[in-house]
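Participant: So the protein sequences, as listed, match chains A and B. Mapping the first sequence onto the working numbering, position 186 (from 1) lands on 186, and the numbers just tick up by one. Mapping the second sequence onto the working numbering, position 363 (from 1) lands on 363, and the numbers just tick up by one.
By construction, these hints were calculated from the structure, which means they are not laboratory data. From the three backbone atoms N, C-alpha and C, an ideal C-beta is built for every residue, glycine too. Hints may contain errors.
As the list claims (entries may be wrong) - Chain B regions said to be covered by chain A (calculated; three or more residues, Cβ under 8 Å):
(1) 136 to 147
(2) 198 to 206
(3) 252 to 258
(4) 275 to 282
(5) 285 to 294
(6) 307 to 316
(7) 327 to 334
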Amino acid sequence: MVKKSPIILALVSLLHYSEVFANEAFVRSNINLRTGVTDISQQVYDLHMTIFYICVVIGIIVFGAMFYAIIFHRKSKGAKAANFHESIKVEIAWTIIPVIILVVMAIPATKTLIAMEDPSESDLTILVTGSQWKWHYKYLEHDIEFYSLLSTPKEQIGGQWIKGDNYLLDVDKQLVIPTNKKVRFLVTSDDVIHSWWVPDFAVKKDANPGFINEAWTKVNEEGIYRGQCAELCGKDHGFMPVVVEAVSPDDFDAWLANKKAEKAAAQAEEKRLLAMNMSKDELMSEGESVYMGYCAACHQQNGMGLPGVFPALVGSPITTGDVKAHIDIVLHGKKGTAMQAFAKQLTLKQVAAVVTYERNAWGINSGELIQPKDVHQLLQE
Amino acid sequence: MNTLTETASHDTEHHHGPAKGIKRWIFTTNHKDIGTLYLWFAFIMFLVGGAMAMVIRAELFQPGLQIVEPHFFNQMTTVHGLIMVFGAVMPAFTGMANWMIPMMIGAPDMALPRMNNLSFWILPFAFLILLASLFVEGGGPAFGWTFYAPLSTTYSGDSTALFVFAVHIMGISSIMGAINVIVTIWNMRAPGMTWMKMPLFVWTWFITAYLLIAVMPVLAGAVTMVLTDKYFGTSFFNAAGGGDPVMFQHIFWFFGHPEVYIMILPAFGIISTIVPTFSRKPLFGYPSMVYATASIAFLSFIVWAHHMFTTGMPVFAELFFMYCTMLISVPTGVKVFNWVATMWRGALSFEVPMLFSIAFIVLFTLGGFSGLMLAITPVDFQYHDTYFVVAHFHYVLVTGAIFSLIAATYYWLPKWTGVMYDIGLAKLHFWCSLISVNVLFFPMHFVGLAGMPRRIPDYSIQFANWNQLISLGGFAFGLSQLIFLALVIKACRKQGEPVPAKVWDGAHGLEWEVASPAPYHTFTTPPEIK
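Please take these sequences and the hints and turn them into a complete structure.
Facilitator: In structure tokens form, the structure reads like this:
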């Protein structure tokens, strides 16, 4: 019984999966590399299939010979052992032939590799920065930048809600790039090593702190393409997806204009906030959503942290002591630890709200309210 | 004074047979006892590391977070890897070397018996430290067995210090074991046992021992730099202080790639011993086997950066490492062809060691094929850090290294215990393992190609079905190993038919000329080799 059950399970599952394949609405294969949407990704796919078929042929020959011997050269069938134990000719042949196969394989691989590593003459450059556990995109020619965070709800991960179609592969703000343009990515990191990967582009590049790597793509088809961080980067490595939307160059220009308008509006809003005070309710509800999005991954939803890894906020001198020190650590992080600088990631309002939240949540209720202008003042000092 | 007399009394005792009780095992300098200790230690570690794999597979049984937190999940993948590599596979091969090398070359013992004792007895402390680190505040190492900086330096917990010291002790143990193997083989071969008459297991271990001596100090250097970067303010791997995190990977893989051959070359030796026995035919191409082993060992030093194609190397370096890596498949292919040629027109029978050896040849070769695919740099960008890589290295390590160790156990266990093990149980173990290991690892190729990254505690729903199947295969494979445990315990209790000196009719070699079970001291006068 013990012996049979895995086979039966395997067969049943195989049947089940073949149905799934047939119904698959999108081209994304569940068992093979995808062809992707760039010329390079197509070449990579072709290389993959070529080397795969070469392996299959070699496998059939070698295992075929072996199983022939297993079936026909059995002692139980009265086989008498021969006594040969060398043959210079055969040994030379099975050294030379593999070398020839390898050379044949190496030629297209070299061509593709050289093309992949040539990011020159690009139309657009985007600086991609990984940090625990989100991506930051900066359009170097357009003065636009934003963070891109996982947007899958916690309840889906915890199992309270049904998981969506793009479970763990959805972000709040996706990277937008134009089709048919050579887009160059400069990849780096703020903390540990991450790896920026979009399978449909056949682009995977490590984000090394303190160094900048280059990669590029030229997408042929409009669409939304999803990938993930590929290098273990700590606790939430599995929760920092990459989502790229490729749109037509015209739509891309429109998107750029829209982003710039948004940015101007946000700056005006900041200015307006500096002149007024926000209410406690407003600060607390905004603070909670910022906390859950940016802080809870380490300090936990209940503010207790993970002992020995991430410090607790409840009862910490930071959240109970001097407000300025508290705002300062949120803005500038703490060197040599995983605490990031949030000055660039959060607006004045968000910083004010989250500091207020951390000083009033979890039953602390200090009653202290921090306003955007307090944060602004500290930034000026 | 006291110590002196004690040692002296032990020495005299040894001429009569083993000491009694626990002291026999603590103070032993006998290669067979130490071999046994290594093998049992490795098997216990295999079960401990396996239990961690079960935690990993249980969490991955379905999407979402159910059983463990991501931080603990990372500790499990990290410690599972460390235990399997340094606690299970390497000590098991050292145990085999201890038991078999002296008997195969006609030596009375290992050349350095006291160092032999020490090299084993520091190991349990290394792993106690490593396992204890899981219980300190903040948990154990959670940065992967490859401990890439700066995740393992600036961003790691305080258990890192324990991890570093544990790795140091493991390294010292390995180096001492390797020195012992080299000195034994150089100096203690029986008269007439010339280099090209040595059994292949001895040859492959001889070359492996040199690999160990070459690269374990590199690992020691890497962990020391991690330690000083984390605690003493150095900046080897920190760009802000003029260092480079990618340099860590170069140093690590300069150790790491020869390390994978350390875990597979002795396996080649085992398979080259077993296949001729049950084919009743001499090994095909013995000299080419020796040269192929040496070529693989040499090439293993100049391919390390194929683990790092995505780190942003210059194209020239990528091409160099791609070509060298592809080249390794030539001597490896020679080995596989030689095994098949050995079986060709033999008189084959399929005792359990042969079953595991045939499974090894087929499944290790599958792992070799995926290795060749991974060598192609442009495609490696897609495979890198996905489950395709996980599938690849588990095929070469589990169905490669571990299957060879199981085959070796089934081959030599009757010699060690003097009784034939329960063959029914052994066949059950084989078939359960063979089927479950493929249900476990084969679909990993699929999810990897479809885009599932490795080392993630949760995954998108498109991978759910395959992961469920993989987990079931994993549980089945884990349970199957308990059959092996029961079988070995039974054999150690001498439950079974007594066996003659030459257990297998087609076997050759000095180990089959001594009685079964092998006496406590063998070849006190060297045998003569014709």
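Participant: Next, verify each hint and record whether it holds.
Facilitator: We went through each hint and held it up to the structure:
1. 136 to 147: With 7 residues close enough to chain A, the hint holds.
2. 198 to 206: violated (count 0)
3. 252 to 258: Our answer is that it is violated, as 0 residues pass the Cβ test (under 8 Å) against chain A, missing three.
4. 275 to 282: holds (count 4)
5. 285 to 294: holds (count 4)
6. 307 to 316: holds (count 4)
7. 327 to 334: The restraint on the stretch 327 to 334 of chain B holds, since 5 of its residues have a Cβ under 8 Å from chain A and three suffice.
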